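Undergrad: Sequence:
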Amino acid sequence: MHCVILCTYNGEKYLEKQIKSIMEQDREDFCLLYSDDGSTDSTKAILQSLQEKYGRRMRAFPRPMHSGSPAKHFLSILSALAKGEVEIDNLEYIFLADQDDDWFPDKLSKTISVIKEEERKFGESLPILCHTDCSLVNSRGELLAKSYRRYQKLPGASCRFSRLLLQNHVTGASVGINKALLQYCKEIPAEVKIHDHWLALLANCFGEIQYLPCATYAYRQHGENVLGAKKASILQECGDRLAAFGEKDKEDTIHSSYRVLFAQGRELKRLFGDRLPEIKRKVLEAFLSLEGKSRQGKIITMALFGIYPYPLYRGIGAMLFLDS
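Using full-length UniProt numbering, read the sequence shown as starting at 1 and increasing by one per residue.
Within a straight-line C-alpha distance of at most 25 Å, the following computed BS3-like cross-link-like pairs (lysine-lysine) qualify:
#	residue 1	residue 2
1	110	17
2	20	146
3	282	193
4	116	83
5	53	17
6	146	110
7	179	83
8	186	269
9	269	293
10	13	44
11	186	116
12	20	53
13	179	280
14	193	153
15	293	282
16	269	83
17	121	110
18	121	179
Derived CB-CB ranges, DEER-like:
#	residue 1	residue 2	range
19	289	42	44 to 54 Å
20	289	26	42 to 52 Å
21	52	259	43 to 53 Å
22	141	303	43 to 53 Å
23	69	294	25 to 35 Å
24	191	138	31 to 41 Å
25	116	59	23 to 33 Å
26	289	190	17 to 27 Å
27	57	121	29 to 39 Å
28	301	186	24 to 34 Å
29	59	120	24 to 34 Å
30	1	294	45 to 55 Å
Hint data in this document are derived by calculation from the structure and do not stem from the laboratory. Computed from a prediction, not measured in an experiment: that's the story for all the values here. C-beta atoms are modelled at their ideal positions from N, C-alpha and C, and glycine is treated no differently.
All chains, full assembly: derive it from the sequences and hints.
TA: Here it is in structure tokens:
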């Protein structure tokens, strides 16, 4: 049995359509485990109504949730599953779902095939994360881009650890993991803002990440998204970075995003530092050392350890703005 985790908060507008797309997959060997984070709209009523419709295939997380953030919400449920606090009969693989997307009918089947093939080659004890591409649609469901990855100019199938510390390339709603990776989710990190980035780091450190280069769902871009999709343009991104110089608010915003990454790195070291492979531990320590270095020192360390995002112009921007 597989488990799809759906976390909701004030998602009434698109929720029913999303759940319908999940429940109409081309396979039925899964349950939808949903959890609401204190919605004040009709989200809870929609969930209850749909649970009555779908019966045992859809169930509520057994504890009330007031996490205050999508990352903590998802990670809390993953932790409960890892600790056996929620029982799923013969649990095999775990998938994450956002409340406002639209799954394609073969999303689960395609991802499961990839994970099964990797387990066949390397064994079920290897932690595996599989993620996919997605298409991008607007609030009316009209296609904006066939490939979110190309639209955002994200790295391809592989991403080295040094780059992953600074740049996430995994979208949470595309993620499927096996039980071996789930076991690394027992501890809930205190300083993580994006759960998919955290899962990607764990998979990179202790197992492997597999990328399926096809869209398995439509990511809906609308005004209420926690994290929106903005088309990546070299000229625009470079212009935005240059325009930020001397403007305190813009500089603070950029610096704040890097502080979040440093905090996440410290959590990785706190929870798993003694278990990390030596080479990755050294890269992590080099990354964390950037906070206390001069700009020249940062540039040298980033170049030596390959700690810069993709593509190159983003790496240059990181070197200019990565201040503590």
